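Chains as they are written, first to last, in the working numbering: chain A, 1 to 146; chain B, 147 to 292; chain C, 293 to 438; chain D, 439 to 584; chain E, 585 to 730; chain F, 731 to 876; chain G, 877 to 1022; chain H, 1023 to 1168; chain I, 1169 to 1314; chain J, 1315 to 1460.
There may be inaccurate statements among the hints.
Computed cross-link-like contacts, SDA-like style, restricted to lysine to any residue with a CA-CA straight-line distance of at most 25 Å [said to hold, decoys possible]:
hint, chain 1, residue 1, chain 2, residue 2
1, A, 55, B, 289
2, A, 55, B, 227
3, F, 785, F, 808
4, G, 931, G, 944
5, H, 1077, I, 1191
6, B, 242, A, 60
7, H, 1077, H, 1131
If we take Cβ atoms under 7 Å as the criterion, some of the chain B residues that face chain A in the derived model are [to be verified]:
hint, residue
8, 148
9, 160
10, 164
11, 230
12, 243
13, 275
14, 287
It is worth saying that the hints were derived from the structure and are not from the lab.
Here the structure is a predicted model, which means the values were calculated and not measured.
Idealized CB from N, CA, C, for every residue including glycine.
Protein chains: 10
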Amino acid sequence: MLRGIDPILSPELLRILRAMGHGDEIVIADANFPGEASAREFVRLDGIDATRVLKAVLSVMPLDSFVDDPAITMQMVDDPDGIPPVVAEFQAVINKIADNPAEIRPLERFAFYDRAREAFAVIQTGERRFYGNVILKKGVLPPEQG
Amino acid sequence: MLRGIDPILSPELLRILRAMGHGDEIVIADANFPGEASAREFVRLDGIDATRVLKAVLSVMPLDSFVDDPAITMQMVDDPDGIPPVVAEFQAVINKIADNPAEIRPLERFAFYDRAREAFAVIQTGERRFYGNVILKKGVLPPEQG
Amino acid sequence: MLRGIDPILSPELLRILRAMGHGDEIVIADANFPGEASAREFVRLDGIDATRVLKAVLSVMPLDSFVDDPAITMQMVDDPDGIPPVVAEFQAVINKIADNPAEIRPLERFAFYDRAREAFAVIQTGERRFYGNVILKKGVLPPEQG
Amino acid sequence: MLRGIDPILSPELLRILRAMGHGDEIVIADANFPGEASAREFVRLDGIDATRVLKAVLSVMPLDSFVDDPAITMQMVDDPDGIPPVVAEFQAVINKIADNPAEIRPLERFAFYDRAREAFAVIQTGERRFYGNVILKKGVLPPEQG
Amino acid sequence: MLRGIDPILSPELLRILRAMGHGDEIVIADANFPGEASAREFVRLDGIDATRVLKAVLSVMPLDSFVDDPAITMQMVDDPDGIPPVVAEFQAVINKIADNPAEIRPLERFAFYDRAREAFAVIQTGERRFYGNVILKKGVLPPEQG
Amino acid sequence: MLRGIDPILSPELLRILRAMGHGDEIVIADANFPGEASAREFVRLDGIDATRVLKAVLSVMPLDSFVDDPAITMQMVDDPDGIPPVVAEFQAVINKIADNPAEIRPLERFAFYDRAREAFAVIQTGERRFYGNVILKKGVLPPEQG
Amino acid sequence: MLRGIDPILSPELLRILRAMGHGDEIVIADANFPGEASAREFVRLDGIDATRVLKAVLSVMPLDSFVDDPAITMQMVDDPDGIPPVVAEFQAVINKIADNPAEIRPLERFAFYDRAREAFAVIQTGERRFYGNVILKKGVLPPEQG
Amino acid sequence: MLRGIDPILSPELLRILRAMGHGDEIVIADANFPGEASAREFVRLDGIDATRVLKAVLSVMPLDSFVDDPAITMQMVDDPDGIPPVVAEFQAVINKIADNPAEIRPLERFAFYDRAREAFAVIQTGERRFYGNVILKKGVLPPEQG
Amino acid sequence: MLRGIDPILSPELLRILRAMGHGDEIVIADANFPGEASAREFVRLDGIDATRVLKAVLSVMPLDSFVDDPAITMQMVDDPDGIPPVVAEFQAVINKIADNPAEIRPLERFAFYDRAREAFAVIQTGERRFYGNVILKKGVLPPEQG
Amino acid sequence: MLRGIDPILSPELLRILRAMGHGDEIVIADANFPGEASAREFVRLDGIDATRVLKAVLSVMPLDSFVDDPAITMQMVDDPDGIPPVVAEFQAVINKIADNPAEIRPLERFAFYDRAREAFAVIQTGERRFYGNVILKKGVLPPEQG
């Protein structure tokens, strides 16, 4: 463990978050997400909820403020305009912890899968609730900030 | 880069510091140190002084408080009781930044090399001053701390 | 996830538990344990308590009944006869879940480290309590059992 | 071996089944199936019938209930509407063991080969009967189930 | 599959048996045998009895006739002079199939483990009966044969 | 060496022949054939004639009886209807040894190269005669055969 | 360190610069640049400004004189004709140190990313100023020089 | 070193030349040639002239006599019909040493780069003269020779 | 194939012979020799007699003239002073082809195995005659020779 | 090639020389030296004399001034006090080019081999003269030098 760094950020996950650059994306995926076959980098956080992982990731990773959709979730198949409870929790975490809070945008299910495949990395969590997935785009730290 | 984490801590270095456990040691080595041939993990920080690297490492890594010698430097060959200026700077950094400041202990040159070979990792810095090497032992974070 | 199998048993951990044979040992280690440098197989379960992991492991792995000490913990340095709370919890889990419950035996700290290094695998958990480590020896399933 | 888990599920096969996500597919192939050259993951169960393997796989893997064709076999070349005896046995196993039993759907021979190549994994069994191949799509475990 | 070759001899197993030279040894191990951690080459035949595997191996591998003990089993811990039923079956298979039948010799349990570790390869079978392990030493094919 | 198996079938070649499935192809190539750069699996039998290798391969590998052209050679550039002596020898070997003898079909030179590149494996022999190449398609062993 | 060679040129960076040929390109990237996921060769110089790295690279690498644009920077998104201060510094370094000084040419942002992906290597520096990226094309050393 | 074989033919280069088949091509490149990034096989002969390397290669490798252009050089950009001195030397070496001497054909610069990328291997020499590159196509050794 | 080089010298074997230095040893082993498990480099020449291989090796490799025993064979177990026919053939080949012919020396069987394990490489031939093994020590080419 | 750096210093050799630290040793070996089997890092400079390589190495690598024997050659077997011509040339090169010229010390032949095996790297040159080997110990660059 390290001082001042959330202990669920494992060695590989810290390496990945630090290695990502401006515009690179990371997927926080639920326990049923089919990520292992196609992810470029893949880490597991078995037994941990997606919201808990989101808190840890946003505690160190800047969220992109250059685009309108730095946080993306999967649209519900049967209710395109609905907001699943887990997504509502994601929004609350972002509002509270992100350096640049943004409104989560939904993406059609298969478009979401395609975008996840292009991501820098996928974190498979233990989240059991359906639709418990979110894609985050990394931002920058301006020169005057540390 | 990551929020609140010193930007000279590279992806591999963050991974290593996070992966180390209680009692594992890391070497911050000067630019002439013969580390690449025998180190178990090896990272470079070319062009950066050893004191600057020490500050970054101690900003996240707890220093062991279970032993008397969590910070070790190389004894000067010609002046066993002397303290090179770079070591004096090391002590100042430790006093200011370490969670458990400790007095640096010198170790005979070849004993220092032997101990460095057993370390978890070696960081080769750009430090040009002779004797600009220090071995640190990682401590623990108690349950109530985060 | 799989039907009837504890979801914190990750793909790699299931593979390891299944590959172990009679007498092979696995270490459930706390968050400060220095395991990554020397373990033969190494898996992480960041953020999960050691007792929770012990439950999951014993739900599928038989405990050896051919020896007197199939479960070993680290003796407290300052109180060799004491039983830390986390070890008391380990004993309760074993009593409840193991196919062959056995009394936990303490082992002197450095002897414990040596034995851990010889284990088939080390699981690094998120256990924050000190002494939250236990070594388990795998048993056999008799022919008539399935 | 592990408690309560079918012993023909080998270490690698357990790892694969656990790593698959919602919608990933696995092929249980007969002894003549040309799978080794193109499979993404490949495991062998020499000497074991395909029906026996199907029982073991379905004892732990949920079958997808979101699609109409979670189980697919190869259409007979000379009798597109015929059902080979081994496929009838597959249907009986699915009816008895699957969490979400479904009617097996036949697929034209070369379309079957193409789909098998895209699967997460291929298990080559010792099945000697022709048409002894089946593709299964993994389902999800709902939050309230363990 | 190949003409005239037992179909449970998998690709890797055929490669290993062919690559072994005069005096090299192979272990046919039961389902509880702790072989995976230390074997130099390791193949699995899950779900297949050890006697069935012995038949297949001896159908192609010559047994050494230069030594007195080309076939070795593990001595029973509690009954050093006893012959477990599975070993009696091993002897019957050797008598019937080996090119140079020989009397099986028992070896003390830990000496057996040590010798197994030095073997060219270990085959882990699905044999559930205890003591279902045998070490075979490969012989030669004389010039006029083969 | 193994009992009853042609000794020029090396460990890797036996592994490959056993791993091939129904419809997979293998190339027996002459000493000038440009195979090493593009073959998926590649084995050498330096100093051995292609006809000798063909005998060994067909002694264990079934030839496909589901297609009209399970054996293909390269058409002579200057005499498309001619049959080089080495190809006549190939036909004699097939007639004598194959389980399902078939008439060799010629293929235009560059089409032959393209097909060879898609094969499961290439065996480079020591055959010095031009046009000493043949592609074989593996067949099946029916359930009742073994 | 080596005599007469800038000490921030690390072992890997020296190897890369020496291995590049005529027309190969290298990217000196700022600390936010998303390079690690797609670069063919990737080296880090954490904590070092891009201008400092440019000096070191040009002290040994010839700049191409066969093309008009051997040095390329990223056009500012909001001010296509503007020259960021860091680019002005790049130009000054080139004018002073390059063997064949050339005028820096700007390239549209996404075209710059595409070109960077095709480069021989990417050096990620610690440059914090935005637009602190430059692509250099390697030149030749004429026969009489060197 | 080996008897009767030019000592500048290194272990890897001998392996490559021997592994090449009929029609495979090898590039002898000058010291500025950008070959390392894209070559399929790559060997260096630093400090050796291209003509010296050509002598060594042709002393063992047959040149193709089935095509008109078994030796190709790069057309001069400013003088398409000109013959650089180094190419004249190449022609003299071929005339003297090749088993099947042929007239060198020039190829437009970028077509030459494209063809070099498809070659079996690239040898980077120490040749300092511009246009000191040549592509050779390997021939065959007829049955009666060799 | 290459001009003037014995075609049974395969790409890997040529690489090995060229890479060996003064005093390095190579083993030409018979078909029963147990070499694959322990050899540092290992090549096969299935189907080729050991004497044929010896001719090829000595056609390019100098034999050491600095020691008395540059060629060593295995002493017959039952007749320490006897000379097996294959060894007599080895001697004839050496007398005829070696640059520095030497008398073959016998070595006790297990000492021979130990020495073989330390060799630079082992060539497994198709030699069927017992005692068809020979160890050769590589010599030097003096400066004036080529 | 790079500006101001000897062009026979290849990419790998530059990387090695830069990576070596204070006290690490490098061997410049003649063409008969048996280095490939045991060297930790190994590079070839076929066709180049050892003296030419020595010049290139010393043009960038500091020679150790902390010990009496930073340059070691092999003692002649028959004339322990003699100095072979190639060693005399080595001394002249050192006197002219080294930053810290030192007198070459001879070492008994087998002690030389043992020391070479422990070196950081071996460079195999094309040197044909016997005793054309030298071991160099790397020195340091003091802070004020660059």
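Evaluation of the provided hints:
Among the hinted pairs, residue 55(A) with residue 289(B) is consistent with the structure: their alpha-carbon atoms are about 20 Å apart, no more than 25 Å. About 50 Å separates the Cα atoms of residue 55(A) and residue 227(B), which puts this hinted pair outside 25 Å; it is violated. About 28 Å separates the Cα atoms of residue 785(F) and residue 808(F), which puts this hinted pair outside 25 Å; it is violated. For the hint linking residue 931(G) to residue 944(G), the alpha-carbon distance of about 21 Å falls within 25 Å, and the restraint holds.
For the proposed pair residue 1077(H) and residue 1191(I), the alpha carbon gap of about 30 Å is over 25 Å, so the pair is violated. Of the pairs offered as hints, the one joining residue 242(B) and residue 60(A) holds, with about 24 Å between alpha carbons and a cut-off of 25 Å not exceeded. The straight-line distance between the Cα atoms of residue 1077(H) and residue 1131(H) is roughly 24 Å, inside the 25 Å bound, and the hint therefore holds. At about 4 Å, the closest approach between the beta carbon of residue 148(B) and any beta carbon in chain A falls short of 7 Å, and the interface hint on this residue holds.
At its closest, the beta carbon of residue 160(B) sits 5 Å from a beta carbon of chain A; the interface hint therefore holds under the 7 Å criterion. Interface restraint check: residue 164(B) against chain A, minimum CB-CB distance 4 Å, threshold 7 Å, status holds. Interface hint at residue 230(B): violated, since its Cβ lies 28 Å from the closest Cβ of chain A, which is beyond the 7 Å cut-off. This hint is violated: residue 243(B) has a C-beta 10 Å from the nearest C-beta of chain A, more than the 7 Å allowed.
The criterion of a C-beta within 7 Å of any C-beta in chain A is not met by residue 275(B), whose closest approach is roughly 26 Å, and the hint is violated. Nearest Cβ of chain A to the Cβ of residue 287(B): about 5 Å, under the 7 Å cut. The hint holds.
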